[in-house]
Amino acid sequence: MFPDLFRDDVFTLETPRLFLRWPKATDAPAIATLAGDRRVSEMTAPIPHPYPVEEAMRYVIASRAANAEGKGLALAIAARDEPSKLIGNIGLRLRPEGDLALGYWLGVPYWGNGYVTEAAQAIVDAAFLYSGAQELMATVRVTNPASRRVLEHCGFQYEGGGMALRPAWGDSVPVDTYRLNRSLWASLKGWRAPVPYGREVAVGGM
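For what it's worth, the numbering used here labels the leading residue of the sequence shown as 1, then goes sequentially.
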């Protein structure tokens, strides 16, 4: 599902304002602080509150391993002018059901700037341009209208509601499911050949 291009830690995506890269060990404290904020973690399924640095480090290690094995693509979100400073996270993962799921979070200090939409558009473009993905899906809590707007801005279509488990919280919450297929994505790109936000990076290119 995930091409070799994604499996090397020199892979990056760049947007007008953002730099998306593999997470690294030095990101763990920022992940613990930003993702561990209850306003962020309660909108996710896998992130607990509080979020110890040790768990954040385990997340970094697991994400890098999954990236390298082609089982997912987890990218740190950073500003282009501060590429080493993580402000959020975005990724794609293959669910047991066979769906390719988009997930993301952004630290509270950076809310309201359109960063997640910008990052999501970049990774969605990369998924359809560089992999054989035919469809992407995402679930959002019904109490999270900002996340729904991100998906809608990226072309995702509402499919329906339901309940989803939150393993880190030990409960289930109401969610909305959205999907975007390749044909709709291509039509939204217009008649021109689509151009990604990012760039391919050769081994050793950074």
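Where hints are given, some of them may not hold.
To be verified - Derived lysine-lysine pairs resembling BS3-like cross-links, with alpha carbons at most 27 Å apart:
| no. | residue 1 | residue 2 |
| --- | --- | --- |
| 1 | LYS71 | LYS24 |
| 2 | LYS24 | LYS85 |
| 3 | LYS85 | LYS71 |
What the hints assert, rightly or not - Simulated restraints on C-beta separations:
| no. | residue 1 | residue 2 | range |
| --- | --- | --- | --- |
| 4 | VAL108 | ARG182 | 28 to 36 Å |
| 5 | ALA62 | SER187 | 19 to 27 Å |
| 6 | LEU5 | GLY170 | 31 to 39 Å |
| 7 | GLU69 | GLY112 | 30 to 38 Å |
It should be emphasised that the hints constitute simulated quantities derived from the structure, not laboratory data.
Note that the coordinates shown come from a computational prediction; the quantities given were computed from them, not determined experimentally.
From the three backbone atoms N, C-alpha and C, an ideal C-beta is built for every residue, glycine too.
Going through the hints against the structure:
no.	hint	verdict
1	LYS71 / LYS24	holds, 17 Å
2	LYS24 / LYS85	holds, 11 Å
3	LYS85 / LYS71	holds, 25 Å
4	VAL108 / ARG182: 28 to 36 Å	holds, 34 Å
5	ALA62 / SER187: 19 to 27 Å	violated, 36 Å
6	LEU5 / GLY170: 31 to 39 Å	holds, 37 Å
7	GLU69 / GLY112: 30 to 38 Å	holds, 36 Å
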